[in-house]
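Kindly produce the complete structure, drawing on both the sequences and the hints.
Residues in the sequence shown are numbered consecutively from 97, following our numbering.
Since the hints were derived computationally from the structure, they do not count as laboratory data. Honestly, I wouldn't trust all of these hints.
Computed cross-link-like contacts, EDC-like style, restricted to lysine to aspartate or glutamate with a CA-CA straight-line distance of at most 20 Å [to be verified]: (1) Lys271 <-> Asp228; (2) Lys207 <-> Glu162; (3) Lys117 <-> Asp107; (4) Lys117 <-> Asp228; (5) Lys250 <-> Glu162; (6) Lys239 <-> Asp185; (7) Lys271 <-> Asp236.
Ranges between beta-carbon positions, derived for each pair [to be verified]: (8) Asp113 <-> Gly199: 37 to 45 Å; (9) Thr158 <-> Ile252: 20 to 28 Å; (10) Gly203 <-> Gly103: 37 to 45 Å; (11) Trp278 <-> Asn242: 37 to 45 Å; (12) Asp156 <-> Gln272: 22 to 30 Å; (13) Asp113 <-> Arg150: 33 to 41 Å; (14) Asp156 <-> Pro256: 33 to 41 Å.
We put the beta carbon where it would ideally sit given N, CA and C, even for glycine.
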Amino acid sequence: MVTPPRGDYPDIQPLNDAGKKIADAWDPAKDEAAGEQCKGYAAANIMRIPTRLRITWANDTTLKIETDAGAQTRLLRFGNPAPPAGPPDWQGFSIAQWEPSAGRGPGGSLKVVTTRMRPGYLQKNGVPFSADTRMTEYFDLVKEPNGDQWLVVKSIIEDPQYLTRTLIRSTHFRKQADASGWNPTPCNAR
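Dropping the structure here:
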């Protein structure tokens, strides 16, 4: 994966002056020295990084999404669980629920709301998000006529500290026939 250079954030138009100042001063060596090399792999960005996903049920009420990029694990909890004790982590606290489709028949989206994220980056090149960030995601499965299956993830990010308005992004993942390319690698700040 190629990390964009410092100051390259044209796709994040709602970034305010405070966010630009931090992004323009980004130094990956400082992140590494501080043990913060996973900032770019936090929940608000992990689904934007080129990665493979492994999606399984951790238990009856928790969907687990593992990424090979950064070797991250997101836990999407159904129901109304209490947040875990302790400080926020990179993947935050995610509550999931199924939303039926607006039309007739099967379908619908998995809606996930994530809060309690440890501050990190919206892009690997230092574009920040704060501890006050709230991310709402919609996961949809799409099947093409040729049989290809896609997971489309729409992310709606709200951060009163670094964004002037809501940031909306989408990412597409094509289902692979097997896990032969699965290759977990640690976080890298560069």
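_List of violated hint numbers, smallest to largest_ = Failing hints, ascending: 1, 6 and 11.
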